[in-house]
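Engineer: Residue numbers (the working numbering), protein chains in the order written: chain A, 1 to 284; chain B, 1 to 293.
The reader is advised that the hints may include incorrect statements.
[To be verified] List time: in silico DSBU-like cross-link candidates among lysine-lysine, alpha-carbon distance up to 35 angstroms:
1. Lys245(A) <-> Lys54(A)
2. Lys9(A) <-> Lys98(B)
3. Lys102(B) <-> Lys9(A)
4. Lys146(A) <-> Lys54(A)
5. Lys9(A) <-> Lys212(B)
6. Lys9(B) <-> Lys102(B)
7. Lys245(A) <-> Lys131(B)
8. Lys231(A) <-> Lys7(B)
9. Lys245(A) <-> Lys231(A)
10. Lys7(B) <-> Lys54(A)
11. Lys98(B) <-> Lys212(B)
12. Lys146(A) <-> Lys9(A)
What the hints contain is simulated information worked out from the structure, not anything from laboratory work.
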Amino acid sequence: MFSRRALLKIENIAVYVILVMAVSLAVFPIAWTVSTSFKSVGEYYTYPPVWIPKNPTIANYTYIISTAGLDYLRNSLIIASLNLLLVLGVSIPAAYGIARFRVGGENLSFWILSQRMLPPVATIIPFFLLFRGFQLFDRQITLLDKHLGLILVYCTFNIAFAVWLLIGFFESFPAEIEEAAVIDGCSRIGAVLRVVIPVIAPGIVVTGLFCFIFSWNEFLFALILTREAAKTVTLQLSQFRTPTKILWGEMSALSLITIIPILVIVVFIQRYLVKGLAFGAVKG
Amino acid sequence: MKSGRKKLKRYSFVLPAVILLIVITIFPLVYSLTLSFFHWDLRRPLGWRFAGFSNYARALFSDHRFHRSLITTGIIGVSAVLLEFLLGLGLALLLSRKLVGKRILTTLLVMPVMISPVVAALMWRMLYHEKYGAINAILRLLGFGTGPSWLGSPHLAPFSVVLVDAWQWTPLFMMILLAGLQSIPIEPHESALVDGASRPQVFWHITLPMLKLSIIAALLIRLVDVIKLFDTVFILTSGGPGSSTETVSYYVYLVGFRFFRVGYAASLSYLLLAIVVVIALGFLRILRRREVG
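Sequences are here, hints too, so could you generate the full structure?
Structural biologist: Listed below in structure tokens is the structure:
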């Protein structure tokens with residue numbers, strides 16, 4: 001029979017084999033998209049499919065840059081960034097108040113958290129009807145197809161998320177240090193701005209990055225509330241089709257441009273992923 | 001007097017967030033609750049007509065398409081979450097060992113989680129393509145014949161949706177359970193092993209009970225999300241073929257924005273909201289217990 005050490009070695013190899021298979025499954029769709037993004041029309045409509053393009057072309061990327069991509073990337077960037085600023089602007093004080101003074105007790109913090117669970121289809125109907133706006137003299141006041149509309153709507157899920165995550169960061173900062181600063185002559189606001197915020201800055205950055213990703217990835221609200229002027233990149237991605245076929249190459253190129261910043265962010269915030277995605281329900 | 005002012009000052013910290021939330025969630029929800037008691041067809045100039053409870057009665061008792069969409073959501077949702085849980089638990093157990101290169105493996109494994117569901121669904125739509133897709137090409141290479149129509153068959157399409165969801169969200173279970181495993185003290189395991197317990201026994205009687213809260217939290221987070229399943233279905237199948245992948249979120253979207261019966265859609269969305277509230281309350285109770293414990 002095998003010795004104990006040999007068994008252990010076999011077991012380790014098996015573990016690696018399984019993990020490498022899992023990684024391949026996780027990465028394969030992305031790899032296929034990379035490959036497709038360098039194919040010409042002829043090549044992505046070939047039977048049997050071509051694994052690695054024989055005549056790689058960057059035509060799909062130049063098409064995205066010249067015609068069907070940059071505007072929507074810009075819209076997504078504007079909406080996600082301004083939403084992130086608005087969300088942090090109201091969430092940092094709220095989280096501080098809840099963490100330090102228990103303002104509103106448990107009910108307030110759970111009410112805020114519960115916003116995150118709202119199904120978007122429940123709010124999209126009133127949003128659409130209300131955003132159509134009204135006629136003021138000869139002008140139509142509307143939030144449809146406006147950046148501002150989505151910036152506001154994305155607060156529905158991001159504020160809940162940001163407050164919840166930030167409470168944890170504020171709670172991890174010892175109250176005594178803040179009190180010491182107040183006793184030394186700092187005002188309360190001064191103590192928060194000069195002592196607390198610098199220390200938990202990484203937490204604020206992580207929270208902001210999560211909010212950015214959630215807005216960047218959102219689809220349903222963009223589908224209903226934007227047309228062309230404020231169209232986001234996810235909506236554009238869903239529309240890469242002619243009446244007869246889907247423009248796989250162009251779509252793949254824009255998909256990759258869309259996910260590369262996200263994947264870079266993920267590498268930086270990996271330590272916080274569990275905390276962020278599980279709402280602190282699980283200590284990460 | 002002074003304490004009153006102090007209290008006011010403290011409340012002013014949360015005021016901006018609360019006001020914003022009231023404007024963007026409470027107000028729209030009240031509006032759509034009102035709307036759910038009216039008939040309003042956007043294509044007709046009639047405007048609001050009082051409906052009483054008839055929208056709700058219709059949804060509960062005679063709209064079979066709505067009922068089917070609930071069942072479809074249940075089937076797709078429960079199978080996806082169970083699959084993700086089992087695969088995620090397996091991966092978490094493997095990753096909780098001492099391994100060289102664990103960091104890079106984990107980083108690669110979690111990539112799908114943060115990708116937009118729209119992009120994920122588009123990638124898989126390419127892979128699923130009956131003729132030009134990679135999956136059937138692999139099946140052909142392995143000698144399985146031409147391969148099925150993944151999105152074209154009403155029997156297979158729900159399964160294909162489940163697979164995409166599992167690809168994207170298994171890493172979430174993996175991460176949550178891995179974090180749970182790493183917070184478990186190691187001594188009970190070791191003493192149990194010394195006392196002659198087999199490894200499956202240790203797993204079943206020690207590891208799993210200690211993971212319980214992580215498991216429940218992860219299951220509930222995903223269950224609430226899966227009820228909202230829309231993007232994946234919209235991109236992959238548009239609810240088809242037939243209505244085999246029509247989830248409840250997708251059906252509400254159809255009623256509101258394709259059939260333009262917004263009053264009825266509002267009442268459907270309130271029923272959906274009720275289901276989410278029930279699950280969410282369970283989730284919050286567990287969170288509270290966690291904080292106490």
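Engineer: Each hint: holds or not?
Structural biologist: Okay, the hints, checked on the actual structure:
no., hint, in the structure
1, Lys245(A) <-> Lys54(A), "22 angstroms, holds"
2, Lys9(A) <-> Lys98(B), "13 angstroms, holds"
3, Lys102(B) <-> Lys9(A), "17 angstroms, holds"
4, Lys146(A) <-> Lys54(A), "43 angstroms, violated"
5, Lys9(A) <-> Lys212(B), "31 angstroms, holds"
6, Lys9(B) <-> Lys102(B), "48 angstroms, violated"
7, Lys245(A) <-> Lys131(B), "13 angstroms, holds"
8, Lys231(A) <-> Lys7(B), "44 angstroms, violated"
9, Lys245(A) <-> Lys231(A), "22 angstroms, holds"
10, Lys7(B) <-> Lys54(A), "70 angstroms, violated"
11, Lys98(B) <-> Lys212(B), "23 angstroms, holds"
12, Lys146(A) <-> Lys9(A), "60 angstroms, violated"
The structure fails to meet hints 4, 6, 8, 10 and 12 from the earlier list, while all remaining hints are met.
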